[in-house]
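Please put together the full structure from these sequences, using the hints given.
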Amino acid sequence: MTVLPPSLPPAAPLLAWYDRHRRALPFRSPAGGRPEPYHVWLSEVMLQQTTVAAVGPRFDRFLARFPTVQALAAAGEGAVMEEWAGLGYYARARNLHACARLVAERGGFPRDAAALRDLPGIGAYTAAAVAAIAFGEAVVPVDGNVERVVARLAAEEGALPAAKPRLAALATGFMADPAARARPGDFAQALFDLGATICTPRAPACALCPWREGCAARRAGIQETLPRKAPKRARPLRHGVHFLLTDAAGQVLLRRRPPKGLLGGMLELPGTPWRDAPWTEAEALAFAPAEGLRWRRVPGVARHGFTHFELEMLLLAAAMPALAPPAGMEARPLVAAAAAMPTVMRKLLDLAAGGAAAEA
DNA sequence: AACCCGGGGAT
DNA sequence: ATCCCAGGGTT
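Here the first sequence is numbered in full-length UniProt numbering, starting from 1 and rising by one per residue.
You may find that some hints are simply not true.
Calculated cross-link-like contacts (lysine-lysine; reagent style DSBU-like; alpha-carbon spacing at most 35 Å) [stated by the list, open to error]:
1. K232 <-> K260
2. K260 <-> K229
3. K164 <-> K232
4. K229 <-> K164
5. K164 <-> K260
Simulated from the structure, these hints should not be mistaken for lab results.
In structure tokens, the structure reads:
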């Protein structure tokens with residue numbers, strides 16, 4: 001019998017806790033059920049930097065529209081991007097589609113983490129998660145939950161992200177325990193559930209933890225300070241001006257963003273570039289999608305936070321009898337446009353509609 | 001190693 | 001206002 005790394009507790013208490021307290025989640029198969037690889041993969045991609053609460057309804061909706069990986073592979077990229085609208089990190093949708101086509105062509109998902117890792121949109125974490133949950137491979141997916149749990153168990157005081165490899169190596173050490181190796185998928189999900197409900201970022205509920213006796217951070221009384229994180233830079237404030245051009249039929253003029261980069265491939269209202277300095281209306285009008293119109297300033301501003309900057313937008317509105325989209329632009333009914341656009345653009349539509357939420 | 005890439009919910 | 005989330009890709 002292999003010896004566990006000295007800093008880790010045995011797996012059995014966690015698995016016993018999981019058998020009693022596991023969360024029932026929309027994308028999770030019932031206890032004892034066989035996970036469908038397509039479902040596991042889809043949910044793991046949706047869950048990348050996205051909360052369980054946000055994924056639940058979107059997972060069901062996505063599955064209703066694309067029931068199998070073959071159906072997803074056969075769909076057009078535009079349909080996939082539209083279904084993803086509002087979920088963020090839109091490169092995930094492109095990679096998801098590309099991955100589906102490879103898997104469909106190949107006749108199924110690779111069954112081990114090393115081969116899964118080569119597919120688009122599947123990194124070290126997702127490869128291990130799918131391999132463990134869908135195929136029972138003895139690997140430990142290391143997400144933010146697992147990093148936090150392991151950092152506390154081992155009282156690892158090195159700061160993230162530099163400590164990431166050390167924490168991943170520690171987590172992998174659990175697979176030396178036969179109890180964990182016998183149930184890799186359950187063990188992974190048990191770590192997720194522990195991190196989400198007990199070993200939380202702030203105010204962990206140590207009294208309820210199945211590992212409370214084996215946790216070095218708790219013994220030292222430093223559990224709330226771990227994992228340590230390197231300081232992050234402040235987000236600058238940027239400015240943009242967008243144009244809402246509508247016609248008598250209720251259509252709005254839209255533009256598609258370049259395929260790569262911020263909001264890649266998504267629809268937007270035409271506008272100025274986003275820059276550090278605020279725009280004057282006169283300056284912004286050079287970017288208007290049509291000339292000779294009477295643009296009227298919509299009162300208020302719309303704000304949206306991105307990962308690395310904050311954006312403040314002004315909105316100018318005008319009407320034409322009938323839209324004649326310039327090259328590279330298109331017209332859609334307002335409601336359909338909102339459904340297909342990222343949240344930052346929906347906030348501009350809310351502003352135009354007098355929505356109080358988007359005003360400053 | 002450092003950036004870039006959304007959006008939402010909890011505190 | 002800040003943190004953080006079942007992270008991946010690029011440079």
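Restraint status (C-alpha distance of K164 to K260 at most 35 Å): Since the Cα atoms of K164 and K260 sit roughly 28 Å apart, the hinted pair holds (cutoff 35 Å).
Straight-line alpha-carbon gap K260 to K229, limit 35 Å: 30 Å, holds
Pair hint outcome, K164 versus K232 [Cα-Cα no greater than 35 Å]: 16 Å, holds
K229 paired with K164 [C-alpha distance capped at 35 Å]: 11 Å, holds
Restraint check for K232 with K260, where alpha carbons must lie at most 35 Å apart: 25 Å, holds
Against the hints set out earlier in the document, no violation occurs for any number.
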